[in-house]
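Q: So that you can map any letter, position 12 of the sequence shown is 12 in the UniProt record's numbering, and since no number is skipped, the others follow by simple counting.
Just so you know, these hints were derived from the structure itself, not from any lab. Incorrect hints may have been included.
Claimed, not checked - Listed below are the simulated SDA-like cross-link pairs for lysine to any residue, each with C-alpha atoms no more than 25 Å apart in a straight line:
1) 17 with 3
2) 26 with 5
3) 17 with 31
4) 26 with 15
5) 26 with 16
6) 17 with 5
7) 17 with 7
8) 26 with 3
9) 26 with 7
10) 21 with 9
11) 26 with 12
12) 26 with 14
13) 17 with 4
14) 26 with 6
15) 17 with 30
16) 21 with 11
17) 21 with 35
18) 26 with 37
19) 17 with 27
20) 21 with 10
Here the structure is a predicted model, which is why all the values come from computation and not from measurement.
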Amino acid sequence: MHDAEGLSLCRFLRVSKALEKGMQEKSREFAEQEAEIYT
Numbered sequence: 001m002h003d004a005e006g007l008s009l010c011r012f013l014r015v016s017k018a019l020e021k022g023m024q025e026k027s028r029e030f031a032e033q034e035a036e037i038y039t
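Construct all of the structure, not just a fragment, from the sequences and the given hints.
A: Spelled out as structure tokens, the structure:
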């Protein structure tokens with residue numbers, strides 16, 4: 001039981017890390033697009 005909880009926590013952390021990384025890449029792309037619009 002405890003192992004399963006630990007596993008799901010690890011998975012959750014890994015997923016949230018991946019999401020965070022994805023959001024950073026998305027926001028960087030968005031910033032570049034914004035820069036192209038304004039220059």
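Q: All the hints need checking, so say for each whether the structure fits it.
A: Okay, the hints, checked on the actual structure:
no. : hint       : result
1   : 17 with 3  : holds, 21 Å
2   : 26 with 5  : violated, 31 Å
3   : 17 with 31 : holds, 21 Å
4   : 26 with 15 : holds, 16 Å
5   : 26 with 16 : holds, 15 Å
6   : 17 with 5  : holds, 18 Å
7   : 17 with 7  : holds, 15 Å
8   : 26 with 3  : violated, 34 Å
9   : 26 with 7  : violated, 28 Å
10  : 21 with 9  : holds, 18 Å
11  : 26 with 12 : holds, 21 Å
12  : 26 with 14 : holds, 18 Å
13  : 17 with 4  : holds, 20 Å
14  : 26 with 6  : violated, 30 Å
15  : 17 with 30 : holds, 20 Å
16  : 21 with 11 : holds, 15 Å
17  : 21 with 35 : holds, 21 Å
18  : 26 with 37 : holds, 17 Å
19  : 17 with 27 : holds, 15 Å
20  : 21 with 10 : holds, 16 Å
Hints 2, 8, 9 and 14, counting from the list given before, are not met by this structure.
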